[in-house]
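Listed below, chain by chain, are the residues.
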Amino acid sequence: MAASGARLHLVTPVWNRSTRGIRGLSRAVGPEGSQKKGRSLLQFLADRFYDVQALREYLLRKQVLTVHQKNRFQGKEWIRSNARGHFPLDFVTFQAVPVEAVDASGCAINYQGLDSLLALKELQSLWLQRCPHVDDWCLSRLHPLANSLQELSLAGCPRISERGLACLHHLQNLRRLDISDLPAVSNPGLTQILVEEMLPSCEVLGADWAQGLKSGPEEQSRDTASPIPA
Amino acid sequence: MLRRALRLGLGRGPLSRGLGTHRGDSTLDQNGKLSEIKKKIQSVLPGGAWNPLYNTSHLPPEHSDVVIVGGGVIGLSVAYWLKRLEKRRGAIRVLVVERDHTYSRASTVLSVGGIRQQFSVPENIQLSLFSIEFLRNINEYLAVVDDPPLDIQFNPAGYLLLASEKGAAVMESNVKVQRQEGAKVCLMSPEQLRNKFPWINTEGVALASYGMEHEGWFDPWCLLQGLRRKVQSMGVLFCHGEVTRFVSSSSHAVTTSGEEVTLKRIHEVHVKRDHSLEYQPVECAIVINAAGAWSGQIAELAGVGKGPPGTLQGTRLPVELRKRYVYFWHCPQGPGLETPFVIDASGAYFRREGLGNNYLGGCSPTEEEEPDPGNLEVDHDFFQNKVWPPLAQRVPAFETLKVRNAWAGYYDYNTFDQNGVVGPHPLVVNMYFATGFSGHGLQQAPAVGRAVAEMVLDGHFQTINLSPFLFNRFYLGVKVQEHNII
Numbered sequence: 001m002a003a004s005g006a007r008l009h010l011v012t013p014v015w016n017r018s019t020r021g022i023r024g025l026s027r028a029v030g031p032e033g034s035q036k037k038g039r040s041l042l043q044f045l046a047d048r049f050y051d052v053q054a055l056r057e058y059l060l061r062k063q064v065l066t067v068h069q070k071n072r073f074q075g076k077e078w079i080r081s082n083a084r085g086h087f088p089l090d091f092v093t094f095q096a097v098p099v100e101a102v103d104a105s106g107c108a109i110n111y112q113g114l115d116s117l118l119a120l121k122e123l124q125s126l127w128l129q130r131c132p133h134v135d136d137w138c139l140s141r142l143h144p145l146a147n148s149l150q151e152l153s154l155a156g157c158p159r160i161s162e163r164g165l166a167c168l169h170h171l172q173n174l175r176r177l178d179i180s181d182l183p184a185v186s187n188p189g190l191t192q193i194l195v196e197e198m199l200p201s202c203e204v205l206g207a208d209w210a211q212g213l214k215s216g217p218e219e220q221s222r223d224t225a226s227p228i229p230a
Numbered sequence: 001m002l003r004r005a006l007r008l009g010l011g012r013g014p015l016s017r018g019l020g021t022h023r024g025d026s027t028l029d030q031n032g033k034l035s036e037i038k039k040k041i042q043s044v045l046p047g048g049a050w051n052p053l054y055n056t057s058h059l060p061p062e063h064s065d066v067v068i069v070g071g072g073v074i075g076l077s078v079a080y081w082l083k084r085l086e087k088r089r090g091a092i093r094v095l096v097v098e099r100d101h102t103y104s105r106a107s108t109v110l111s112v113g114g115i116r117q118q119f120s121v122p123e124n125i126q127l128s129l130f131s132i133e134f135l136r137n138i139n140e141y142l143a144v145v146d147d148p149p150l151d152i153q154f155n156p157a158g159y160l161l162l163a164s165e166k167g168a169a170v171m172e173s174n175v176k177v178q179r180q181e182g183a184k185v186c187l188m189s190p191e192q193l194r195n196k197f198p199w200i201n202t203e204g205v206a207l208a209s210y211g212m213e214h215e216g217w218f219d220p221w222c223l224l225q226g227l228r229r230k231v232q233s234m235g236v237l238f239c240h241g242e243v244t245r246f247v248s249s250s251s252h253a254v255t256t257s258g259e260e261v262t263l264k265r266i267h268e269v270h271v272k273r274d275h276s277l278e279y280q281p282v283e284c285a286i287v288i289n290a291a292g293a294w295s296g297q298i299a300e301l302a303g304v305g306k307g308p309p310g311t312l313q314g315t316r317l318p319v320e321l322r323k324r325y326v327y328f329w330h331c332p333q334g335p336g337l338e339t340p341f342v343i344d345a346s347g348a349y350f351r352r353e354g355l356g357n358n359y360l361g362g363c364s365p366t367e368e369e370e371p372d373p374g375n376l377e378v379d380h381d382f383f384q385n386k387v388w389p390p391l392a393q394r395v396p397a398f399e400t401l402k403v404r405n406a407w408a409g410y411y412d413y414n415t416f417d418q419n420g421v422v423g424p425h426p427l428v429v430n431m432y433f434a435t436g437f438s439g440h441g442l443q444q445a446p447a448v449g450r451a452v453a454e455m456v457l458d459g460h461f462q463t464i465n466l467s468p469f470l471f472n473r474f475y476l477g478v479k480v481q482e483h484n485i486i
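Quick note, the sequences are listed as chains A and B, same order.
Going by the UniProt record's numbering, the first residue of the first sequence is number 1, and it counts up by one from there.
Going by the UniProt record's numbering, the first residue of the second sequence is number 1, and it counts up by one from there.
It should be emphasised that the hints constitute simulated quantities derived from the structure, not laboratory data.
A hint or two may mislead.
As the list claims (entries may be wrong) - Computed from the model, here is a short list of chain A residues facing chain B with C-beta under 8 angstroms:
{"hint": "1", "residue": "D136"}
{"hint": "2", "residue": "S140"}
{"hint": "3", "residue": "R141"}
{"hint": "4", "residue": "H143"}
{"hint": "5", "residue": "R163"}
{"hint": "6", "residue": "H169"}
{"hint": "7", "residue": "L190"}
{"hint": "8", "residue": "L194"}
Claimed, not checked - Computed list of lysine-lysine pairs in BS3-like fashion (alpha-carbon distance at most 30 angstroms, straight line):
{"hint": "9", "chain 1": "B", "residue 1": "K479", "chain 2": "B", "residue 2": "K386"}
{"hint": "10", "chain 1": "B", "residue 1": "K479", "chain 2": "A", "residue 2": "K121"}
{"hint": "11", "chain 1": "B", "residue 1": "K176", "chain 2": "B", "residue 2": "K166"}
{"hint": "12", "chain 1": "B", "residue 1": "K176", "chain 2": "B", "residue 2": "K196"}
{"hint": "13", "chain 1": "B", "residue 1": "K306", "chain 2": "B", "residue 2": "K166"}
{"hint": "14", "chain 1": "A", "residue 1": "K121", "chain 2": "B", "residue 2": "K386"}
{"hint": "15", "chain 1": "B", "residue 1": "K176", "chain 2": "B", "residue 2": "K479"}
{"hint": "16", "chain 1": "A", "residue 1": "K121", "chain 2": "B", "residue 2": "K184"}
{"hint": "17", "chain 1": "B", "residue 1": "K184", "chain 2": "B", "residue 2": "K196"}
What the hints assert, rightly or not - Short, incomplete list of chain A residues facing chain B, as computed with Cβ under 8 angstroms:
{"hint": "18", "residue": "Y111"}
{"hint": "19", "residue": "E162"}
{"hint": "20", "residue": "A166"}
{"hint": "21", "residue": "C167"}
{"hint": "22", "residue": "T191"}
{"hint": "23", "residue": "V195"}
Quick reminder that beta carbons are idealized off the backbone N, C-alpha and C, glycines included.
Using the sequences plus the hints, can you model the full thing?
Okay, here's the thing in C-alpha cells:
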C-alpha cells in the first residue's frame with residue numbers, strides 16, 4: 001500500500017441506495033481499477049469480517065495522515081520532519097524547486113512569521129488549521145499569493161473573525177476554502193453565505209447555512225423525524 | 001478681655017486710618033469694621049462656620065508638571081507616550097482636563113473610524129503607518145494587569161479612492177510617494193475596477209488607487225477606553241472640568257533685526273468645575289493643547305493671536321469647529337463583504353458596517369454650504385441632495401436604500417491647510433499644540449502622541465520628523481497642503 005507516483009484518491013463512504021447494508025460500504029471505498037491479487041484477498045476478507053475491514057480503514061487513514069503532514073514540492077512527495085523535528089538532509093537540494101503546498105496546522109505562526117510563506121510565489125495549497133496566533137491581520141497579508149493559491153484551510157483558528165475573511169477576496173484563484181469551526185465568527189451561517197457570494201468560483205466548506213437559525217414551532221415535529229444532514 | 005484688645009487696636013485711630021488708606025481699604029466706619037471682625041473671630045472659634053480644612057478631592061491637584069487640555073484620543077495618546085518615554089518612573093506628573101466626561105460631543109467617538117495611508121504628504125503617511133502598527137499590537141502597548149485584552153474590531157478591507165480625468169495625474173504622483181514611504185497601494189484602471197468590484201459604475205472614473213494592506217476601519221471607542229484605562233494605570237490624573245484662564249508672565253526680548261517680541265510663559269491653569277463657580281489654579285510647567293475642535297478658543301485664552309495682524313504675535317491658531325454628518329443606511333442589494341472604504345471623486349464616501357447590508361457614509365460640504373456648528377443637529381436634506389446622488393451614480397444598487405440613522409460630529413478643521421499643528425508655539429513658550437487634524441486625527445493619534453512626547457521630553461522630534469507641521473508655518477505662509485482630505 002505504498003504511495004507510489006500514482007496519486008491517492010480519497011473517496012469517503014457515501015451512504016446511498018446502492019450500498020446495501022454495512023458490507024456494501026467497503027465496495028464504495030477503495031481505489032478504482034485495483035485488480036491486484038493481494039488486494040482482492042483483502043477485499044474478500046474485509047467483506048466477511050468486521051475486524052479486517054476496521055483494520056483496512058485504519059491503515060488507510062494512517063496513510064492519509066502521513067501523506068498530508070509534510071510539505072510537498074512540485075512533482076515530489078511530501079517532506080516532513082522526523083520525530084526529533086529535523087528535516088532530512090536532501091532538503092537542501094530542493095532549494096531551487098518551488099514549494100507547492102505547506103501544512104502549518106497547529107503551528108505558532110504569527111504576523112511576522114508569514115514573511116517566509118509570502119515569498120513562495122508558486123504556493124498552491126496552504127493549511128493553517130488550528131493555528132492559535134493567526135488572526136484577521138494575518139489574513140490581510142495573504143494577497144501576494146493571489147496568483148497561485150488554490151486551497152486554503154483556516155479551520156479551527158480561534159482568532160479569525162468575519163472581518164478577516166472579507167480580505168480573502170483578493171485570492172481569486174482559490175478553489176477550496178475551509179472556514180469551519182471558527183469560534184470568533186459571530187454569525188457562521190450568514191458569513192458562509194457572504195463568503196460564497198464574494199468568491200463565486202470557490203468551494204467554501206464551513207458552517208451550514210441553517211446554523212444559527214431557529215426553527216419555527218410548527219416545524220419542530222417534522223424535524224425530529226428526518227435525520228439532520230451533516 | 002478680647003473686647004478691650006479690640007478697642008485698643010481700634011484706638012490707634014489716626015495710625016490705623018493712615019495704614020488703611022495706604023492699603024486702599026473701604027470706607028467702613030469703625031462700628032461696621034468692628035462687627036465684621038467680631039463675626040470673623042466668632043467663626044474661627046470652635047462651633048463657628050469657618051472650616052479651613054475641607055474636601056478637595058473633586059478638584060484637580062494644585063501642582064502638575066504637564067496639563068493636557070482635552071481628554072480625547074489625541075490628549076490621551078500624548079499622556080500615554082509622556083509616561084512611557086519618561087526617563088525615570090514617576091518623573092512626570094500629568095493631568096488631563098476634559099470637560100465632557102461622557103464624550104457626547106467629542107470628535108473621537110463620533111468618527112467613522114477609518115485608517116488609511118493614502119495621503120499626499122509623506123509625514124501623514126508615516127504617521128499612519130506607525131499608528132496601524134500600534135493598533136495591530138495594541139495589546140502589547142496598552143496591556144493592563146488583570147484586565148481583558150482589547151479587541152478594536154479592525155476590518156482590513158482597504159480604501160478605494162476614485163479619480164476623474166483631472167485628478168488622475170495627482171493620484172499617480174501621490175501613489176508614488178505612498179509606495180516610497182512603504183504603503184501597499186496599487187493603481188487600477190476602470191476595467192480592472194469593474195472586474196474586481198462588479199457593483200461599481202466606472203463612468204467618469206479614470207483611475208483608482210486601492211490600499212491592499214494596513215488600511216480599513218476600527219472601533220474608536222475601544223481605542224479611547226483602552227488608552228484611558230492604561231493611562232490611569234500609569235498614574236495620570238484625570239479632572240472633569242473646563243479650562244477658563246491661563247495665568248502667565250511675559251518677558252520682552254529683541255530679535256536680531258531689532259523687533260520687539262513678548263515671550264510668554266504660562267504658570268497656572270485655572271480649571272473650573274462644571275455647573276459650579278469653584279475653580280482650582282493648577283501650577284504647571286507645560287500645557288498641551290489637545291482640545292480638538294475647541295483648540296482655537298483655548299489658544300486665544302493663552303494669548304495666541306493677540307497682536308497686530310501680520311506679525312507673529314498676531315497669528316491666530318486657525319483651527320475651527322466644522323460640523324460633518326454621517327448617515328447609516330440599509331440597502332439589501334448592496335455590495336458584499338469585500339466592500340472597501342470607497343471615496344468617490346466627488347468627495348462622497350461610504351463603507352460597509354457589519355454583515356447585514358448596512359452602510360455608513362457621508363460627504364464633506366463645500367465652503368459655501370458649511371452648516372452652522374452651534375449644535376449637533378442632523379440635516380437630512382443634505383443626504384438627499386448632496387450625498388445620495390453621487391453615491392447612487394457610482395453604485396447603482398444604492399438607488400434603493402433606506403436611511404436608518406444619522407449623527408453629526410465636529411472636525412477640528414485647520415482652515416490654513418487642513419493638516420495638523422504639532423509642536424510648541426514660538427512665543428508662548430510652554431504651550432504645545434496637538435490639534436487641527438481636520439478629520440484624520442483618529443488615525444494619526446498614536447504617532448502624534450509619540451511625536452509630542454518626544455518634543456516635550458527631548459526638545460526635538462526623534463522618530464518621525466514633523467517640523468513641517470509646526471506653528472511657524474502660519475506666520476511664514478508655508479502651506480503643507482493635503483490633497484486627499486474627505
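Structure-based check of each hint:
| no. | hint | result |
| --- | --- | --- |
| 1 | D136 | holds, 6 angstroms |
| 2 | S140 | holds, 4 angstroms |
| 3 | R141 | holds, 6 angstroms |
| 4 | H143 | holds, 5 angstroms |
| 5 | R163 | holds, 4 angstroms |
| 6 | H169 | holds, 4 angstroms |
| 7 | L190 | holds, 5 angstroms |
| 8 | L194 | holds, 4 angstroms |
| 9 | B:K479 to B:K386 | holds, 29 angstroms |
| 10 | B:K479 to A:K121 | violated, 44 angstroms |
| 11 | B:K176 to B:K166 | holds, 17 angstroms |
| 12 | B:K176 to B:K196 | holds, 22 angstroms |
| 13 | B:K306 to B:K166 | violated, 42 angstroms |
| 14 | A:K121 to B:K386 | violated, 46 angstroms |
| 15 | B:K176 to B:K479 | holds, 21 angstroms |
| 16 | A:K121 to B:K184 | holds, 18 angstroms |
| 17 | B:K184 to B:K196 | holds, 17 angstroms |
| 18 | Y111 | holds, 7 angstroms |
| 19 | E162 | holds, 6 angstroms |
| 20 | A166 | holds, 5 angstroms |
| 21 | C167 | holds, 5 angstroms |
| 22 | T191 | holds, 7 angstroms |
| 23 | V195 | holds, 7 angstroms |
Of the numbered hints given earlier, the model fails hints 10, 13, 14; all others are met.
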